[in-house]
Every structure is written in C-alpha cells, then in structure tokens.
Amino acid sequence: MTIVRTGWIRQHVAALRILVVLTVILGLGYPVATWAVGQVLFRNHAQGSPVESDGRVVGSRLIGQNFTGAAWFHPRASLAGAKGYAAGGDGADGSGGSNLGPSNPELVKAIRARRAAVARENGVAPTQVPPDAVTASASGLDPDISPEYAAIQVNRVAKARNVPAADVRRLVERYTYGRQLGVLGDPHVNVLELNLAVAKLG
Amino acid sequence: MNPTLAAVLSVGLLVAALVVVHRPLGSYLARVYSGTTHLRVERLLYRLSGVDGDGEQRWPAYLRSVLAFSAVSVLLLYGLQRVQHWLPLSLGRQNVAPDMSWNTAASFVTNTNWQSYSGEQVMGHLVQMAGLAVQNFVSAAVGLAVAVALIRGLARSRTDRLGNFWVDLTRGSLRVLLPLAFVAAVVLVGFGAVQNFTHGFDAHTVQGATQHIPGGPVASQESIKELGTNGGGFYNANSAHPFENPTSFTNLFEVFLILLIPFSLPYAFGRMVGDRRQGYAVVAAMAVICLGAVVASGVVEAHHPGAAPTAAGASMEGKETRFGVLASSLFSVGTTMTSTGAVDSWHDSYTALGGGVTLFDMHLGEVTPGGVGSGLYGALVLAVLAVFLAGLMVGRTPEYLGKRIGAREMKLVGLYILVMPATVLVFTGIAVVTKMGTSSILNPGPHGLSEILYAYTSAANNNGSAFGGLSANTMFYNVTTGLSVLIGRFVPIVFVLALAGSLAKQQKVPASAGTMPTHTPLFTVLFVGVILIVAGLTFLPALALGPLAEGLA
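Note that the protein sequences, when read in sequence, are chains A and B.
Residues 0 to 201 (numbering that gives the first Met the number 0) are what the first sequence spells out, left to right.
Residues 0 to 552 (numbering that gives the first Met the number 0) are what the second sequence spells out, left to right.
Think of the hints as simulated: they come from the structure by calculation, not from any bench.
All figures in this text were calculated on a predicted structure; none of them were measured in a lab.
Virtual Cβ for every residue (Gly too), placed ideally from N, Cα, C.
Keep in mind that a hint or two might mislead.
Said to hold, decoys possible - Only part of the chain A face toward chain B is listed, based on derived beta-carbon distances under 7 Å:
| hint | residue |
| --- | --- |
| 1 | 10 |
| 2 | 14 |
| 3 | 127 |
| 4 | 130 |
| 5 | 133 |
Assemble the whole structure, with the sequences as input and the hints as a guide.
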C-alpha cells in the first residue's frame with residue numbers, strides 16, 4: 000500500500016474536486032432520479048396533490064385553505080401569513096406557527112378568545128370546543144381538523160345550507176381518516192375534501 | 000382506540016422495525032468500511048478527484064482531510080448562496096445576505112442545519128438540492144468516517160494507520176446513504192411529498208382567493224435530511240409542513256429514518272472489534288435513555304400542565320392534527336436525541352417540561368443514539384470515561400477492548416467532554432447579558448432564557464432545532480451560532496481522531512481477572528449513569544432557571 004501524500008494545497012484541491020463530483024451525483028442525479036420515479040408512479044403527489052373542481056384547480060389536498068362563513072367547515076387557526084393559510088412563495092408569507100410558550104399570557108388570551116368565538120358561531124357550550132379549534136397548527140397549513148371539531152360545526156353548516164344535519168354528518172364520517180395502520184397519529188377530517196362534498200349537497 | 004394505547008403500539012412498531020433492520024444494516028456498514036475493493040464508479044471518482052484510494056492515513060492526515068473537505072464545503076456552499084440569483088432554478092430569489100449565508104454554510108457542513116432563514120422565501124431550488132442536500136449527505140458521511148476511524152483505532156493494534164478519509168467519505172455517501180435515501184424518497188412521494196422543479200402552482204380557492212402552492216425537490220431532500228440526521232427543512236415549517244411530512248405514517252417513517260443508522264452503527268462497531276456483545280452493551284445504554292425520554296415527554300405532554308395548554312385542553316399549540324400530541328412528542332425526542340433537529344411541531348410551544356425534555360436530550364451530548372457517526376464516537380468516548388471511573392473505584396489500570404486507558408487518552412476524553420458545555424454556557428452567558436442577545440427573545444420570563452439556552456445547546460451539539468420564537472436572523476445570532484456549530488463539530492473531532500491514533504498504536508493486552516468486562520448489563524448500567532451524570536451536573540443549574548422554573552411555577 001502506498002501512503003497518501005499530503006500537501007496543503009493538493010489536499011484542498013482534491014477536496015474541491017471530490018466535492019464537485021459528489022455534487023453532480025448527489026445534488027443533481029439523485030433528485031432527478033427521484034423526480035423521474037415520482038412522475039411515473041405518483042404524478043399527482045409529486046406535483047403537490049392538486050384538487051380540481053369543475054375543471055379548476057381549487058387547492059391542494061394536503062394544504063389547508065381558509066374558509067369563512069356559516070355554510071362551510073372552518074379550519075384551524077393559521078399563522079402562515081397575515082391572513083393565514085399563505086402557503087409560501089416570495090414575499091413575507093410562508094409556513095409556520097406562533098412559537099408562543101406555554102405560560103405566555105398572550106397565548107392564553109388568544110386561546111380564550113378563540114374558544115368564545117368558536118362556541119358562539121356554532122351555538123355550543125365553550126366546554127365542547129376541542130383543543131385543535133383553539134390552537135394554531137405548526138405549519139399554519141394544517142389541512143385537517145379533529146372529528147370533534149367537525150362534529151360541533153355540523154348543525155351550523157346544515158342550517159346555512161338548508162339540508163338535513165344527518166346528510167352533513169354522513170359526509171364528515173366519509174372524510175374522516177382514522178389512524179394509519181390502526182395506531183399512528185390521530186383521527187382527522189380533511190377540510191377541503193369535506194367542504195367540496197358539502198357544496199354538492201346544496 | 001385509546002390514544003395512549005395507540006401511541007404505545009406505534010412506539011412498539013418503531014422499536015420492532017429498528018430491531019429487525021439493525022443487524023443487516025450494521026453488518027452491511029461493517030462490510031462497507033472493511034472491504035478493500037473499490038466499485039468502478041468509486042475508482043472513476045478517485046481518478047477525477049486525484050486522490051489515492053489505496054493508501055491509508057495516520058490520524059493527523061486523516062484529520063487534515065476532514066478539515067480540508069469541510070473548509071472547501073463551507074466556501075462552496077457560502078458562494079452558491081451568494082450568487083443564487085444568477086443561477087438556474089433560483090425562482091428569481093435574491094442572493095442570500097452574507098451573515099445568513101455564512102451561518103447556513105457552517106450549519107449544514109457541520110450536520111447541524113440550524114436555519115435562520117425561511118426555506119420557501121429565501122432559497123432557490125438549486126441551492127436546496129445542489130448545496131444544502133449535498134451537505135446533508137456528505138456531512139453525515141464525514142460523521143460516519145470519523146466514527147469508523149475511532150472503531151479502527153480500537154480494533155487494530157500496533158499501527159499508525161486509521162484508514163483513508165476519501166474512501167470512507169465516498170463509500171458512506173454512495174454505498175450507504177444514497178441507496179437508502181433514494182428508496183425512502185420514493186416512499187415519501189408515494190404518501191404525498193412533493194418532488195418537482197417548478198415554482199409550484201396557483202390555486203383558485205373554493206371561496207375565490209388565490210393560494211400559491213409551492214413546488215420543489217422536497218422528497219429527495221426530506222429523506223436524506225432524516226436519514227443523515229441533518230434536519231434542515233425545505234420549508235420553514237420543516238417536517239410539520241404537509242409537503243414534507245404528509246401523513247401519520249410518514250411521520251413514524253421519518254422518525255425511523257432518523258434512528259436507523261445511529262441505532263445500527265453499534266452493531267457494526269461490535270462486528271468490527273470482533274465482539275458483537277460490545278455493540279449490544281452500547282446500544283442498550285442508548286436505547287434505555289432514549290426510551291426513558293420518549294416516556295417522559297409523552298407523559299408530560301399528555302398531561303399538559305401550564306397556563307396555555309390547560310386553557311386549550313391539550314398541548315396542541317404548534318402541533319398538527321394528523322399527528323396529534325403523542326406522535327409529535329415521539330418525533331421531538333427522536334430528533335433531539337439524534338442531533339437531527341427536524342421538527343414536526345414547535346418545541347417552543349410544548350409544555351415547559353416537555354420542552355425541557357428536548358433540551359436535556361441535547362445536553363446529553365447527542366450520544367443516545369446521537370447523530371450519524373457522531374453519536375457513536377461520542378458514546379465511545381463516554382464509554383472510555385465509564386471504564387476509567389470503574390478503574391478508579393477498584394484501583395486498577397482501566398482497559399477498553401484490550402486498550403489501556405492512560406493519561407494521554409484520559410486527557411483527550413476530558414477535553415472532548417468539555418468542549419460542548421463550555422461552548423453552550425459561554426455563548427448563552429454572553430447572550431443573556433447583552434441587548435443583542437436578549438432583544439431576540441419572544442416569550443417572557445424563564446421561557447426567554449430557555450429560548451437562548453436552547454439555541455446554543457442546539458448549535459454546539461449540531462442539532463439544529465430551535466425554540467423558534469427566538470429571532471435568530473440577526474448579525475449577533477448568525478455569527479455566534481455559526482461559531483458554535485463549528486466549534487461543537489470540529490474541536491471534538493480533533494480529540495476523537497487523536498484518541499483513535501493513540502489507541503491504534505497500542506498492543507492489545509489480553510483480558511485478565513482484573514479487567515472489567517464491557518459487554519455486561521452491569522457495564523451498561525454504569526455507562527447510562529455516566530452519560531446522565533456528566534450532563535446532569537453540567538446543565539442542571541441552567542435547566543433549573545429555564546424549563547424547571549417555568550414548569551414547576
């Protein structure tokens with residue numbers, strides 16, 4: 000075996016050359032190969048899971064969007080961008096949460112205000128409002144709400160649309176996803192899918 | 000199903016998966032780093048780079064190669080960010096500011112991935128994939144190389160050769176990380192992670208607004224970010240972003256990727272030193288502490304003490320619905336026990352004690368199981384300390400794997416152990432007494448101290464996660480956390496390689512009646528004690544003023 004010679008400059012030139020070669024393999028070849036497989040096997044996912052309705056792209060299945068008004072199921076509070084649910088791009092908007100700490104009075108105040116508002120608009124007791132309805136998500140783009148939060152919104156949506164509450168409840172069940180593999184994560188309801196289905200009810 | 004039972008079963012699933020794969024992967028790792036033949040692509044790579052793939056290096060030469068490669072990496076990554084506006088796939092984004100570029104370059108090259116930028120606003124696709132993601136691979140491969148050099152130091156005798164850094168770097172990148180990352184990336188796309196090179200698309204939302212849905216080569220970066228225990232998110236929300244971590248399955252899968260190599264490497268260590276039981280003793284200590292933290296975090300997060308979590312009825316601030324409280328807390332322990340720093344929820348908004356667990360996880364020095372490679376070499380340094388303490392107790396010359404632990408070895412171990420706490424506490428001290436440090440705090444009271452302590456703990460341990468309330472994109476924090484990551488990475492590597500060199504020279508002494516066996520449960524208990532006591536004595540005062548003060552108030 001020969002012994003590696005080490006000159007200071009030689010060493011750094013070799014380092015730069017090996018880094019450039021590895022960049023071509025790992026920084027270009029690898030993402031392109033992943034992209035190619037994604038295009039063949041999971042095209043919709045690779046593009047960002049766009050959802051179409053009446054021939055128009057109305058959003059992404061995985062990215063929450065804002066809904067206001069009595070006729071729609073409302074998502075969680077979002078701190079992505081000034082108005083919430085800004086999914087990114089340039090400028091000041093992007094994903095993120097509040098980062099407020101557990102004993103921060105500002106956060107306690109926000110939670111109390113949300114609890115009162117959610118209880119009022121859905122006509123339920125404040126104690127019936129579940130935790131996800133009064134807290135901001137981590138990404139600010141949470142596409143889901145808990146089945147409990149969906150449940151307290153059913154009557155309001157049904158009334159605003161003048162349809163039987165049982166029909167709306169059935170749709171909530173249909174778009175409720177259980178724990179994956181039976182044990183992973185928490186059950187949740189996809190708000191965009193649910194609202195698109197609700198819109199078809201009338 | 001009851002959420003607690005579901006969480007216990009998902010942890011069981013994770014443990015079972017790791018138990019199944021650690022042997023084949025560990026054996027593979029041992030073969031990769033012990034083999035003498037090069038693949039054709041590797042020979043080509045050595046020829047293109049002008050390195051000799053067949054020579055072996057003494058420890059100073061090995062160290063110089065590590066440092067040369069890392070220095071060049073910092074410069075190239077800094078340069079890429081500074082000119083990104085003029086490169087393809089920049090999405091029109093501006094050149095990154097000098098202090099932010101420096102911080103990011105230092106952070107990614109040291110396997111830290113502390114981020115003072117927001118990915119979807121600052122970095123173009125080319126910098127993400129050809130700059131940041133490449134460092135995700137090679138910084139992990141550097142960690143593996145240093146760990147392997149230390150293993151060789153223990154396994155070999157009467158030699159001054161520790162292997163060839165360029166060969167170890169290349170094999171780690173191409174034979175270990177690349178195939179695993181590729182398979183994992185495809186799985187992630189299968190569950191919804193994005194993989195394209197576009198700007199994204201504009202959606203016209205149901206209620207008539209316009210929402211920009213971002214694109215990017217996300218899945219390929221996400222898989223290596225977890226597998227290489229890097230942690231730098233493509234997007235600001237990191238693994239909480241639905242495009243990085245779309246479902247509760249991918250959430251557990253990502254925790255699995257984070258733990259995969261760190262928990263398999265001890266098996267490779269056992270094989271390479273010719274006694275698998277040695278590997279099991281190490282991995283048992285790692286697993287005991289890691290599982291303890293999983294339970295502790297899960298219990299406090301589920302009980303959600305504190306004003307805000309109590310008002311909300313659960314610790315759901317800064318957590319995603321699809322994961323819920325317990326899967327998020329599992330992720331938080333996985334990421335802070337491994338120097339990864341990816342987050343699927345905001346640690347700043349955890350209960351005070353839940354956040355305290357993530358902080359203490361890092362204070363252990365990222366050895367349970369720690370980052371890719373760095374976890375094992377850190378653990379072996381502490382194993383040497385454990386052997387030394389046991390030797391003091393019974394009055395015999397300590398040995399580890401037949402190598403005498405003398406004054407030189409103990410000096411190196413002592414220096415290694417001092418670097419991280421000194422860096423954390425000195426920088427935290429400076430930050431809390433200066434306006435430049437305290438003006439970045441978001442949350443009032445003891446929590447503000449926790450934010451600063453977390454920042455330097457995360458930086459010096461090459462973790463990279465944050466109590467995100469701290470406004471870290473200031474000149475002060477960009478410079479000081481940048482220094483912390485470099486000190487926390489490379490100064491210990493100097494001591495580890497010096498230790499490896501000094502161990503390799505020794506002739507192995509046969510075990511005698513006075514040798515303490517290091518493959519027994521007794522040793523594992525001692526080892527766990529050493530890990531906890533070293534960190535506990537060092538950081539308890541700081542923890543008492545931060546998370547403990549807040550949590551017990």
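>> Checking hints one by one. Is residue 127/A an interface residue toward chain B, by the C-beta closer than 7 Å rule?
In response: Check failed: Cβ of residue 127/A comes no nearer than 11 Å to chain B, outside 7 Å.
>> Quick check on residue 133/A please, does its C-beta sit within 7 Å of some C-beta on chain B?
In response: It holds, given that the least Cβ distance between residue 133/A and chain B is near 5 Å, below 7 Å.
>> A closest beta-carbon separation below 7 Å is what the hint needs, so does residue 10/A meet it against chain B?
In response: At about 5 Å, which falls below the 7 Å cut-off, the nearest Cβ of chain B leaves the hint on residue 10/A intact, so it holds.
> Given residue 14/A was flagged as interface, is its beta-carbon under 7 Å from a beta-carbon of chain B?
Replying inline: holds, 4 Å
>> Tell me if the interface restraint on residue 130/A is satisfied: Cβ within less than 7 Å of some Cβ in chain B.
In response: holds, 4 Å
The structure does not agree with numbered hint 3 stated previously, though it agrees with all others.
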